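Asks: Produce the complete structure using the sequences and hints provided.
Residue numbers for the sequence shown follow the numbering used here, so the first one is 1 and each next one is one higher.
Honestly, I wouldn't trust all of these hints.
Each computed DSS-like pair below joins lysine-lysine, with the alpha-carbon atoms no more than 30 Å apart [unchecked claim]:
1) K381 with K110
2) K110 with K272
3) K110 with K384
4) K442 with K109
5) K530 with K127
6) K109 with K530
7) K272 with K384
8) K109 with K381
9) K279 with K442
10) K308 with K10
11) K330 with K110
12) K127 with K381
13) K279 with K110
14) K109 with K446
15) K308 with K414
16) K272 with K442
17) K127 with K379
18) K446 with K530
19) K414 with K109
20) K379 with K10
21) K110 with K414
22) K442 with K530
23) K127 with K330
24) K109 with K272
25) K109 with K384
26) K442 with K110
27) K127 with K308
28) K308 with K109
29) K446 with K379
30) K110 with K127
31) K127 with K442
32) K127 with K384
33) K330 with K414
34) K109 with K127
35) K308 with K330
36) K379 with K110
Read the hints as simulated data drawn from the structure, not as lab findings.
No experiment lies behind these values; they were computed from the predicted model shown.
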Amino acid sequence: MRYIDLIMDKPLIWGLFAFYLIVTSWLAWLGHKKTTDIESFSVGAGDMNPIVVGVTLAASIASTATFVINPGFVYVHGISALMHLGVAAGLGIVAGLVVMSIGFRRVGKKYSALTIPQWMGQRYQSKWITTFFAGVNMLSLTFLVLIVGSLSIVMQQTLGLSNFESTFFIIVFVFSYIFVGGTYAHAYTNTLQGIIMVFIAGIIVWSGLHFLSDGFGPVLDRLTAVDPNLAKTINPSSPLFGSFFSVWVSGFVIGFALVSQPHIMIKALYVKEDSDVWKYLGVCLLVSIVFTALLLVGLYAHMLELPKEAFIDPNTGNFRQDLVMAVYIKQSFNPVLLAIIMVALMSAGMSTLDGILIALSSIAANDLFLNLTRDNVLKDKTAKEQGLLAHRAGQVILIALGVITFVIALNPPKLLGIFGQLGVYGIVAASLAPLLGGIVFKHIHKVPVVIASGVALLTHFGLYFWASRAIAAKESLNDLANNSALLSAIFDTNAPQLGLANPGVTATYGIIVSVIIVLVAGIISIALHKGVESSSA
Numbered sequence: 001m002r003y004i005d006l007i008m009d010k011p012l013i014w015g016l017f018a019f020y021l022i023v024t025s026w027l028a029w030l031g032h033k034k035t036t037d038i039e040s041f042s043v044g045a046g047d048m049n050p051i052v053v054g055v056t057l058a059a060s061i062a063s064t065a066t067f068v069i070n071p072g073f074v075y076v077h078g079i080s081a082l083m084h085l086g087v088a089a090g091l092g093i094v095a096g097l098v099v100m101s102i103g104f105r106r107v108g109k110k111y112s113a114l115t116i117p118q119w120m121g122q123r124y125q126s127k128w129i130t131t132f133f134a135g136v137n138m139l140s141l142t143f144l145v146l147i148v149g150s151l152s153i154v155m156q157q158t159l160g161l162s163n164f165e166s167t168f169f170i171i172v173f174v175f176s177y178i179f180v181g182g183t184y185a186h187a188y189t190n191t192l193q194g195i196i197m198v199f200i201a202g203i204i205v206w207s208g209l210h211f212l213s214d215g216f217g218p219v220l221d222r223l224t225a226v227d228p229n230l231a232k233t234i235n236p237s238s239p240l241f242g243s244f245f246s247v248w249v250s251g252f253v254i255g256f257a258l259v260s261q262p263h264i265m266i267k268a269l270y271v272k273e274d275s276d277v278w279k280y281l282g283v284c285l286l287v288s289i290v291f292t293a294l295l296l297v298g299l300y301a302h303m304l305e306l307p308k309e310a311f312i313d314p315n316t317g318n319f320r321q322d323l324v325m326a327v328y329i330k331q332s333f334n335p336v337l338l339a340i341i342m343v344a345l346m347s348a349g350m351s352t353l354d355g356i357l358i359a360l361s362s363i364a365a366n367d368l369f370l371n372l373t374r375d376n377v378l379k380d381k382t383a384k385e386q387g388l389l390a391h392r393a394g395q396v397i398l399i400a401l402g403v404i405t406f407v408i409a410l411n412p413p414k415l416l417g418i419f420g421q422l423g424v425y426g427i428v429a430a431s432l433a434p435l436l437g438g439i440v441f442k443h444i445h446k447v448p449v450v451i452a453s454g455v456a457l458l459t460h461f462g463l464y465f466w467a468s469r470a471i472a473a474k475e476s477l478n479d480l481a482n483n484s485a486l487l488s489a490i491f492d493t494n495a496p497q498l499g500l501a502n503p504g505v506t507a508t509y510g511i512i513v514s515v516i517i518v519l520v521a522g523i524i525s526i527a528l529h530k531g532v533e534s535s536s537a
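Replies: Following this line, the structure appears as structure tokens:
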């Protein structure tokens with residue numbers, strides 16, 4: 001009875017949402033008919049249209065982080081967050097895709113790789129490396145929680161469902177259609193979702209462009225009136241974006257490294273030719289520009305002079321920056337457009353969620369289950385039987401991931417964005433140097449690559465959790481810290497000093513160290529190989 005009341009209260013948005021669910025389910029069924037084994041489940045048949053791949057890639061990169069979470073960072077931290085998340089990270093992503101896509105594709109095709117961990121293992125000729133990176137990629141679970149939690153916020157705001165109901169529905173629906181359709185379902189549904197997202201992103205960005213009709217001057221004046229630091233490209237009061245390093249250096253480095261995510265770089269294996277890669281990258285770039293412009297909503301919210309009380313979570317009574325996008329849309333659009341936009345926001349989250357699920361289930365099946373059982377438990381099975389069993393194992397693991405995500409998302413972390421970044425940045429910190437080393441250096445040894453990856457992980461998580469404990473200690477020792485220069489220096493880990501409260505900064509330190517290790521190892525490998533060739537001659 002309650003659901004009937006909810007539908008009758010908001011018939012338009014429920015109707016549009018139901019239509020979206022029906023079309024998405026139909027596309028998933030089309031994908032199911034093309035999915036026959038673990039290879040077709042993971043990367044399809046390598047014959048997808050570059051335009052489809054480009055839209056799919058852009059939608060996967062954008063997700064609810066861009067559509068729901070990141071505008072909140074811009075609202076809270078101002079221009080510095082816009083520079084970090086939009087300009088610096090955007091340039092880094094473009095550079096990473098251009099530099100690595102072709103090389104990754106060529107190595108992947110050579111070894112018939114289905115996942116990034118398998119790519120690593122085949123490139124460095126090590127089964128253990130495949131297993132290691134498969135384990136590292138399970139950190140994507142934090143991003144699953146971010147997306148599910150963000151989608152739940154939108155569904156609560158629009159459909160009137162509770163957090164439990166929203167989370168349960170998201171898990172069941174998205175996990176089900178990926179369970180059925182695999183990569184083809186992901187590509188087909190993402191094309192639909194991507195087209196919707198481009199259209200809606202354009203409407204949202206356009207809705208506030210009148211604030212910029214006289215340039216950025218009025219916007220900066222408004223930000224200055226709220227807090228002068230919000231109008232600065234480096235916000236000295238921000239614990240996340242308070243230094244040149246945290247805004248620009250870490251933004252670019254993390255953007256470059258983000259293409260190492262399992263559901264992004266693997267897109268290079270979806271197409272037939274190297275020339276197709278440039279086509280889908282071009283499409284992705286154009287679509288991504290529109291998506292990135294959504295960060296302006298954080299500024300638009302200030303121009304509307306919305307009170308902070310508008311962003312209070314009714315369930316906890318706490319300020320939630322994650323609500324900025326939803327509140328802005330409610331204030332800016334009529335009921336018809338509001339319904340359309342909210343459905344688009346939900347499709348934005350689902351587009352990335354299904355891409356990550358494909359990658360994780362494929363990694364779990366191919367690089368954990370099959371890699372660990374092929375030579376013992378499954379040694380008497382034919383290659384086809386092994387592939388089918390791996391496919392089933394991936395589906396079972398998919399269900400397990402859904403259950404774990406559901407449990408965590410029921411009581412989400414205070415800042416979903418930071419929680420999601422922590423795990424994702426750990427993955428890319430560990431993966432970037434080995435990927436670059438495998439693409440650039442022909443004879444690099446696997447040992448320094450593994451060392452570089454381990455050092456990156458330890459640096460990222462070590463610095464972040466040290467900073468978290470230090471900040472907590474400082475807060476509990478306020479009086480003592482204020483009266484002691486020594487304690488202040490030890491416990492003051494805010495952005496103007498180190499920026500360690502920003503996971504992007506800690507991951508950047510790890511990436512820099514790991515790239516140096518791989519670079520030195522690569523140069524040594526070149527010198528040794530030339531020496532061997534000279535002695536042979």
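Asks: Please work out if K308 and K109 have their alpha carbons no farther apart than 30 Å.
Replies: violated (52 Å)
Asks: Between K442 and K109, is the straight-line Cα distance small enough, at 30 Å or below?
Replies: holds (16 Å)
Asks: Against the 30 Å threshold, does the CA-CA distance of K110 and K384 hold or violate the hint?
Replies: Given pair K110, K384 holds - Cα atoms ~21 Å apart, limit 30 Å.
Asks: Taking 30 Å as the top limit, are the C-alpha atoms of K109 and K530 close enough?
Replies: holds (27 Å)
Asks: Between the alpha carbons of K379 and K110, is the straight-line distance 30 Å or under?
Replies: Between K379 and K110 the Cα gap is close to 25 Å, so the pair holds against 30 Å.
Asks: For the pair we were handed, K109 and K446, check the Cα-Cα distance against 30 Å.
Replies: holds (20 Å)
Asks: Would the hint linking K308 and K10 be met if the CA-CA limit is 30 Å?
Replies: Holds, because 26 Å separates the two Cα atoms, which is no more than 30 Å.
Asks: Has the given pair, K127 with K330, been kept, meaning a C-alpha gap of at most 30 Å?
Replies: Distance of about 52 Å is beyond 30 Å: violated.
Asks: Would you check the hint for K530 and K127, treating anything up to 30 Å between C-alpha atoms as holding?
Replies: Answer holds: K530 to K127 is near 28 Å, not above 30 Å.
Asks: Quickly compare the C-alpha distance for K279 and K442 to 30 Å and report which way the hint goes.
Replies: holds (27 Å)
Asks: For K381 and K110, compute the direct alpha-carbon distance and say whether it is at most 30 Å.
Replies: With a Cα-Cα distance of about 25 Å, the restraint between K381 and K110 holds, given a limit of 30 Å.
Asks: Check whether the Cα positions of K308 and K414 lie no farther apart than 30 Å.
Replies: holds (17 Å)
Consistency with the previously given hints fails for numbers 11, 19, 20, 21, 23, 27 and 28, ordered from lowest to highest.
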